[in-house]
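K.L.:
Take a look at the letters that make up each chain.
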Amino acid sequence: MFQVRIHGRGGQGVVTAAEMLSVAAFDEGRHAQAFPSFGSERTGAPVVAFCRIDDREIRSREPIMEPDALIVQDATLLHQVDVFAGLKSDGYVLINTGKTFAELGLAEFFAQHRADRLCTVPATELALKHLGRPLPNVPLLGGFAAISSTLKLESVHKAIRERFSGKLAEGNCAAASEAYAVVKKEMEEARHAQAD
Amino acid sequence: MLKQIEGSRAVAEAVALCRPEVICAYPISPQTHIVEALGEMVKSGALSPCEFINVESEFAAMSVAIGASAGGARSYTATASQGLLFMVEAVYNASGLGLPIVMTVANRALGAPINIWNDHSDSVSQRDSGWIQLFAETNQEALDLHIQAFRLAEELSLPVMVCMDGFILTHAYERVDMPTQEQVDAYLPPFEPRQVLDPDDPVSIGAMVGPEAFMEVRYLAHAKQIEALQRIPVLAEEFKRQFGRDSGGLLHTYRCEGADTIAVAMGSVLGTIKDVVDEMREAGHKIGVLGITSFRPFPLAAVRMALRQAKRVVVLEKTLAVGKGGVLATDVRMALAVEPVEVYTVIAGLGGRPITKRSLHALFRKAEKDDLDPVTFLDLNRTLVDKQLQREKEKRRSGPAAEAMLRDVGAVAARLV
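Sequences listed follow chains A and B, in order. One gets this note's numbering by counting positions in the first sequence from 1 and adding 178 to each. One gets this note's numbering by counting positions in the second sequence from 1 and adding 61 to each.
Just so you know, the hints here were simulated from the structure itself, not pulled from any lab data. One should not assume that every hint holds.
As the list claims (entries may be wrong) - With beta-carbon atoms standing in for the labels, derived distance ranges:
#	chain 1	residue 1	chain 2	residue 2	range
1	B	Asn115	A	Lys363	29 to 35 Å
2	B	Gly460	A	Gln258	24 to 30 Å
3	B	Arg342	A	Glu206	43 to 49 Å
4	B	Arg306	A	Glu366	45 to 51 Å
5	A	Thr254	B	Arg443	33 to 39 Å
6	A	Gly310	B	Ser118	39 to 45 Å
7	A	Glu206	B	Gly100	28 to 34 Å
8	A	Gln258	B	Pro250	27 to 33 Å
Unchecked claim - In the SDA-like style, the derived pairs of lysine to any residue whose C-alpha atoms are separated by at most 25 Å in a straight line are:
#	chain 1	residue 1	chain 2	residue 2
9	B	Lys418	A	Met179
10	B	Lys104	B	Phe304
11	A	Lys336	B	Leu63
12	B	Lys347	B	Leu433
As the list claims (entries may be wrong) - Chain B regions said to be covered by chain A (calculated; three or more residues, Cβ under 8 Å):
#	segment
13	227-238
14	404-417
The beta-carbon is built from N, C-alpha and C at its ideal position, and this holds for glycine as well.
Let's have the full structure, built from the sequences with the hints guiding it.
P.N.:
Here it is, written out as structure tokens:
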């Protein structure tokens, strides 16, 4: 079982991201369960959504407390919510920001963590570039496909086209692809740095 | 056809396959997505012929459903929480009149304090209303139960509530196998009302009944529910033959062979409990699970048969009978009245409090040692309660309790669970 927790703010498409992640996994023939954290939905308030992916039926309904991967859609949450709570020691982290982990002040916190599993991607900027709207959720799914290897980028594209149509679908696909490339490159660099 | 969709959407599509002719809708979370989806289907013509009626309240929703059903139309509505309470007078009338309405209850807590999250207080409050109540464990079962519910309701001329956990199921995306229209048509024949308001053959429905026959009419309702105990397993069996799935029935047992301890519950928490039981079985614990699907009628004999070999039973329920403890636990105790089985009541998950595997592991291990109180409140923050009790002791005008306790808890948004 692979468990993903997505943090963001009301209006950023946190729940949609978890749902699309589950659809992408389903399209690959896997079992997936996505659900929101059921808060009162208010724009700007911290929101959490969850997605479990497995090769067999998923029965547990508890919130994901020990995630294999974290997607943080809004870096300002780092000061407000304990987004890293329960993260597995070899877990993946993907944060929507143009900064590095060091620039976010997280270097010390993650000193013992595998560097190639800590990635950032400026998803809001990519969304603005390809969609003209600051919606980071879908580009981050492209980045997630790169970081985790749980999911193919093509499956994310397929899930995008199932959810959206026309310009919205194509813009999101392009943004997801670019996020995928950014994260892939980042991981390569981290691996090289480790190898050096 | 396999689909990865939201639970509400799955239920809406299943209800549409049942060819309802009248849908009355009033929005209330977490039920709203269901009737929204049905509304779209009626508007687009995908669901036709069907009249979608936006009413002004839940009371009107049930009243319109009563009128529509009495007029011979297959009728459906959905609600939750305070919405169900607001329609209660009409809820009792629907069953008292023997009208086979199907209603989804997206289970949600009852206020005050106001709370939009899941527990079973709403539908369980209607346990004596005369409606059949079926609880779904998964979204697949929720959609399957709706198909069975129309068949059961119309055979017996009794209304059926299909209860599914609000948010936990209604808002969860998971895999469902959506049947075809042909499959549903083969299972669910057209509605042939037992009574109908027909200008060509006029009758009156809803007579005033005095002491001379009231008890007998009420007994008839009871007799029909007892009859449902026979029909529910038969319809589930037939469903399995036609659709290839185990869904519905009175109850489901899981790993109960040789179990000393059996956990009893209703709804989606059964999945989490099953995962815990698998882990405990692997560690050598003799533990099993009994899931109750049919809460009303309550299958006393079947529950007794399923539990009588156990040493102890832990009834975990998402309802609090204030001043007593459990509701489901009381029913289970009645089923086991003549059996030497210890029954523990555990109140859990009220108002959306997550029921975690960690807490369940600890709970069941405590139960195995017969170290549980007769009534346990899972993960209760006793300090928080004591603080408020102390405040009330110290000062007459201690103010509103909920507000004070929220202040004591602090910033909730910053916490995950």
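K.L.:
Are the hints correct? Go through all of them and say.
P.N.:
Hints, one by one, checked against the model:
| no. | hint | result |
| --- | --- | --- |
| 1 | Asn115(B) <-> Lys363(A): 29 to 35 Å | violated, 53 Å |
| 2 | Gly460(B) <-> Gln258(A): 24 to 30 Å | holds, 29 Å |
| 3 | Arg342(B) <-> Glu206(A): 43 to 49 Å | violated, 30 Å |
| 4 | Arg306(B) <-> Glu366(A): 45 to 51 Å | holds, 46 Å |
| 5 | Thr254(A) <-> Arg443(B): 33 to 39 Å | holds, 35 Å |
| 6 | Gly310(A) <-> Ser118(B): 39 to 45 Å | holds, 42 Å |
| 7 | Glu206(A) <-> Gly100(B): 28 to 34 Å | holds, 33 Å |
| 8 | Gln258(A) <-> Pro250(B): 27 to 33 Å | violated, 57 Å |
| 9 | Lys418(B) <-> Met179(A) | holds, 15 Å |
| 10 | Lys104(B) <-> Phe304(B) | violated, 29 Å |
| 11 | Lys336(A) <-> Leu63(B) | holds, 16 Å |
| 12 | Lys347(B) <-> Leu433(B) | holds, 17 Å |
| 13 | 227-238 | holds (count 7) |
| 14 | 404-417 | holds (count 4) |
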